[in-house]
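From just these sequences and the hints, can you work out the full model?
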Amino acid sequence: MNAMRILVRFKVTPDYEALREADWAAGEGDCSDRSGAAEADARAGSGVASGVETRYVPRILDCFDESALEMALRMRDATASDGVPVDLGAISVGGREVEPHLKTLQALGYERATRVHVDAGLDFAPTVTASIIARYVQETNKTDLLMLGCRNGPDDAGTLPFLVAEELGWPCVTQVTEVMVLSDDRVRVAHMVDDGLLRVTVRLPCVLGVGNAVVARLRVPTLTARLARREAHIEHVQTSDLGIDVVSGLAGESYVLTGLEVVRRDRSGTIIGGQTPREKAQTLFDSHLKSLMGKL
Amino acid sequence: MRSLVVLDGTVGTADRQARALGAFLRDGSTGHPAAETLVFFSDDRDMGRLVEQAPTRGVRLVKTAERRPDAIVDILSAAARDAENQLFIFTGGYSGTELATRLAHRTGGTVMTDALSIEIGPERLTCRRPVYSNHMVGSFELAARPWCVSIDVSWDDEAAAARREHVVLSSTDETGAAGGPDETPFEDLELVEPPPTGDLEQSRFLVVAGAGAGSRDGVERIAAAARRMGAEFAVSRPVAMSAWAPMDRLIGVSGTRTAPELCIVAGASGAPALYWGIEKAGFIAAIDLDERAPIAKSADAVILDDGVAVIEELAEIIAPKRE
Amino acid sequence: MSLSRETIVEGLKHILGADSVVTDERILRESSIDRFRMFEDIHGVYTQPIPAAVAMARSTEQVAGVLRFANEHGINVVARTGRTATEGGLETAVPDSVVLDGSGMNQIVVIDAYNMQATCQCGVPLQVLEDRVREQGLTTGHSPQSKPLAHMGGLTATRSIGQLSTLYGGIEDMIVGLEAVFPDGTVTRIKNVPRRAVGPDIRHVIIGNEGTLCYITEVTVKLFPYLPENNIFLGYTVDTMKTGFEVLREVMVNGYRPSVARLYDPADGAYHFAHFVPEGLSVLIFVAEGPAGIAKATAEGIEAIVARHPECRKVESRYISTWFADLNWGPDKIAREREGILQTGNINRTTEVSGDWGCINDIYENALRRIIEEIPDITMAGGHSSHSYINGTNMYFNYFYNVVDCGPEEEVTKYHTPINRIICEETLRHGGAIVHHHGLGKARTPWVKDEYGSSYYILEGLKRAFDPKGIMNKGTIIPA
Ligand SMILES: Cc1cc2nc3c(=O)[nH]c(=O)nc-3n(C[C@H](O)[C@H](O)[C@H](O)COP(=O)(O)OP(=O)(O)OC[C@H]3O[C@@H](n4cnc5c(N)ncnc54)[C@H](O)[C@@H]3O)c2cc1C
Ligand SMILES: Cc1cc2nc3c(=O)[nH]c(=O)nc-3n(C[C@H](O)[C@H](O)[C@H](O)COP(=O)(O)OP(=O)(O)OC[C@H]3O[C@@H](n4cnc5c(N)ncnc54)[C@H](O)[C@@H]3O)c2cc1C
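Chains as they are written, first to last, in the working numbering: chain A, 1 to 296; chain B, 1 to 323; chain C, 1 to 480.
No lab work stands behind these hints, which were simulated from the structure alone.
Careful, some of the hints might be misleading.
[Claimed, not checked] For lysine-lysine, the following DSSO-like pairs were computed, each having C-alpha atoms within a straight-line distance of at most 30 Å:
# : chain 1 : residue 1 : chain 2 : residue 2
1 : C       : Lys222    : C       : Lys191
2 : B       : Lys321    : A       : Lys290
3 : C       : Lys414    : A       : Lys103
4 : C       : Lys191    : A       : Lys103
5 : B       : Lys297    : A       : Lys295
6 : A       : Lys290    : B       : Lys280
[Said to hold, decoys possible] Stretch by stretch, here's where chain C covers chain A in the computed footprint (C-beta under 8 Å, at least three residues):
# : region
7 : 77-89
8 : 109-122
Glycine included, C-beta positions come from ideal geometry on N, C-alpha and C.
Laid out in structure tokens, this is it:
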């Protein structure tokens with residue numbers, strides 16, 4: 001039986017939760033203030049990244065990508081005893097911040113670890129990102145199943161899995177919450193659709209975009225496992241090796257971010273007084289909720 | 001220049017799509033060119049209702065296979081060859097994202113998902129949509145056409161349900177376009193759950209429990225109090241992730257978005273990812289021990305106290321009035 | 001003849017009223033442990049004897065009543081407030097124990113801004129007290145990571161210490177007076193004065209007793225001006241821990257008092273600083289605070305000392321201030337931690353010890369080497385120094401392991417205790433102290449006699465004198 005070759009694409013992002021309110025406000029308006037040359041800068045994504053200053057917060061695995069990475073490991077584990085061998089690879093497009101994560105993944109049993117080196121920020125450039133990944137998959141021709149989180153950084157557009165699939169001409173299922181290996185060329189997935197949860201069997205090759213899965217945390221390798229894989233090779237790929245010119249790709253990205261505003265959430269925040277929970281509940285009810293009861 | 005509004009009647013959310021698209025056309029877009037609705041359906045019995053719901057006067061009917069977005073994309077790509085069709089507007093949610101993205105890719109156009117609003121100019125389309133996990137709203141300019149825009153899921157308005165005259169401009173059967181069973185990579189479709197979050201989405205009175213509930217027991221007590229008050233019950237992510245409540249109760253960017261008349265939040269700090277799920281609420285009351293929690297600033301009224309204790313007291317007061 | 005569970009519950013209800021005596025099964029199970037057995041807890045496995053009841057005291061009189069009752073009938077009492085104990089101090093080691101919970105005694109009695117002291121009951125969360133005094137431009141200066149969760153009673157009972165200790169000291173430097181109830185029901189108050197020389201300082205019989213001698217009902221702590229606008233954050237990378245300790249030492253012995261003085265090793269530092277520190281380097285962190293002139297002079301002094309060590313390279317201070325703002329642990333982090341442990345089986349544990357400048361690096365190196373060599377399934381082992389003194393510093397060992405091939409109830413014996421053993425052995429061998437600030441609890445009692453040596457005589461004497469029937473938190477500090 002042939003091995004099922006899974007490639008998981010992941011992204012390392014700033015931990016936005018560690019930013020404070022003031023940090024967001026500071027990023028506001030930066031882009032719209034730019035003109036001329038600055039617009040090209042905004043196009044390059046880096047202008048945007050400097051809009052919200054994220055340099056000072058730690059980097060984390062995107063949470064949906066983390067799910068995808070663990071799901072793939074579980075697929076390997078689940079089929080370890082009954083025949084369909086699963087061969088795992090991980091790829092990330094980015095800078096040096098990616099390397100420690102690749103080492104971790106190697107220690108967990110990802111046989112192939114690849115970093116496509118890109119200096120420019122690709123935060124708001126899903127098309128370029130998609131073409132890099134797709135081109136890598138085509139060039140290497142070693143992937144039956146491509147998995148990735150549904151989100152592509154702060155862009156939040158959810159378009160990346162579809163864009164990669166379109167580039168490859170592969171079918172695509174997104175918002176995946178569970179995957180099961182059926183045979184070396186079929187998986188059964190559960191995924192969220194607008195009117196429920198849909199289960200479907202998909203013939204490979206295909207792209208799976210992982211959504212809000214219960215499997216959310218990546219397991220942790222032991223120091224011994226790390227040591228054993230210490231010398232493992234990380235493949236470094238230049239975008240030029242893939243025939244992609246990132247700069248012109250970015251210039252050709254069909255949309256441009258021109259401004260950012262902080263979402264304001266001003267409500268009055270009236271503090272309800274009282275001594276006991278009972279008293280406070282009563283005051284809240286009398287002063288505010290009573291009049292709403294009719295609408296409920 | 002013409003815009004095509006896409007109503008996908010092959011899935012179970014057509015009513016909602018129609019309301020959302022209607023609201024968006026009315027309030028969310030400016031500089032709009034003449035619009036027609038492309039209605040996809042797979043069951044003839046749905047046809048009349050779908051036409052009635054269409055948010056524009058002109059309607060084109062296309063029959064196609066059930067739950068086959070790939071087939072819809074093929075048909076839309078063909079439509080995009082007509083240079084007049086420069087703007088495609090899709091519903092919010094997962095299906096809108098898929099159709100808009102794939103269509104843009106096939107046609108060399110531009111995709112923009114989750115639009116809060118668009119402004120249509122002769123050369124460029126400007127769009128606002130949430131970015132940075134809803135911490136910010138970004139403005140984007142789109143160049144290459146056709147512009148393929150899916151709208152934000154917050155668009156929804158009962159009043160926007162169409163009650164106008166319709167003209168059916170064309171009607172075609174493209175059922176064959178999806179290909180036979182051998183040609184599709186998808187098999188054995190099974191919709192396992194009815195709308196898992198429908199009740200949350202529709203709820204008019206919502207109680208949200210956060211990590212501040214402190215334990216499974218605390219969460220269960222808040223859920224029980226919500227039941228007594230006749231409120232729907234939802235939780236923040238840490239609560240769902242600790243399996244203190246089922247995942248389908250999750251509210252926020254990774255879960256459901258709601259617009260209740262009244263929302264009571266107990267022990268959730270009001271992180272943006274959660275707040276997104278309730279920001280459309282008419283009135284938000286928060287119970288938190290920490291007056292500096294973000295929710296204390298983003299709620300209408302705040303009680304500084306134990307979440308479980310206050311919710312149980314509220315249930316004592318409200319339950320009798322809701323019987 | 002010991003009382004039955006039912007009789008104990010009845011007796012407690014008589015003292016406290018029925019509403020204040022909790023006998024819900026699940027709550028009792030969860031009340032049989034603390035974070036030392038959190039892995040069992042997360043998996044719903046409880047191996048300790050289940051207490052007869054949780055008694056919620058609302059006043060000093062009620063505490064006295066419960067203690068008298070327990071003393072009379074030989075019932076083991078486990079004192080509790082914020083429940084953040086990490087060393088087994090809250091474990092009910094004896095069947096039919098009573099957990100005496102003071103979290104309901106949560107009144108701030110007085111904030112005296114003129115005399116710069118605040119008095120509060122044992123169940124006041126430190127965060128609440130701190131927020132209240134900050135409204136008046138003051139601070140307690142106490143900032144343990146558990147500040148959002150821990151209460152004043154527990155913080156006093158464990159000899160806790162905060163992140164700003166190098167300037168403000170540990171809790172023992174902050175407490176000016178307190179009220180405590182002894183097992184026979186005697187209520188004792190030590191008045192609040194700046195200093196006294198009236199014999200031994202008996203505050204220290206109470207501070208750090210971990211519920212083994214008396215129940216703390218009220219404490220008075222010092223207050224300080226709160227001047228965050230003057231804070232100066234400094235950070236450096238350093239090639240080796242040895243040099244890092246050397247810098248810490250020089251800062252201390254030259255008379256500087258930064259509030260924060262920390263040294264992270266590469267493994268521990270990677271968890272916080274990977275976004276700006278190259279792999280393999282250690283990190284030094286200082287915060288200078290106080291009146292503007294002092295903060296400035298402190299920062300300049302530190303800069304000058306660091307400049308003498310070419311190994312040290314400065315990092316942008318905003319990295320440090322951003323990190324510092326997100327250091328405390330609230331319920332959110334606890335919940336996320338549980339979720340992670342449940343999904344991955346990977347758990348984080350810590351052991352904190354201290355030693356003088358002459359031995360601390362040896363303790364650090366030897367213990368770490370042995371942990372990595374001797375313990376299976378380790379996924380990370382490292383540590384940091386976070387509290388420095390003129391004569392030495394602490395070492396906070398921080399380690400993670402995967403719990404594999406054993407049941408939840410074996411986690412402690414398979415991993416945590418062997419690691420504690422290594423750290424305690426190495427610390428004792430080099431002349432350090434086996435606990436720096438979490439308390440001995442039950443986890444580290446196997447080494448308590450070696451820790452005390454001949455002075456164990458005094459500890460035993462205290463126990464005999466104040467808890468002759470041995471009803472106070474059996475198995476804590478003094479081995480069962
Ligand atoms: C990509 C991504 C997607 C996400 N999606 C979602 C999502 O869809 N939904 C979601 O909820 N989160 C989501 N999150 C997580 C989100 O950022 C927050 O971490 C989460 O909402 C916090 O949940 P919480 O408010 O329950 O917990 P916390 O932030 O820990 O807040 C607990 C609150 O309870 C208060 N409290 C404590 N004790 C009590 C008590 N006894 N009584 C009353 N109050 C008390 C505390 O003061 C605090 O304010 C997402 C995060 C990411 C990165
Ligand atoms: C995330 C986290 C971070 C932490 N960070 C720090 C830190 O930075 N510095 C630090 O010093 N500690 C830290 N700790 C440990 C812990 O917070 C401290 O030991 C704290 O002092 C315990 O206070 P508590 O109110 O939670 O006490 P509890 O957990 O309720 O009790 C602790 C011990 O004190 C006894 N006790 C409690 N109340 C009384 C009383 N009224 N009278 C007599 N005995 C009593 C108990 O029997 C027990 O032995 C941390 C713990 C956690 C979980």
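What are the numbers of the hints the structure violates, in ascending order?
The structure breaks hints 4, 7 and 8; every other hint is satisfied.
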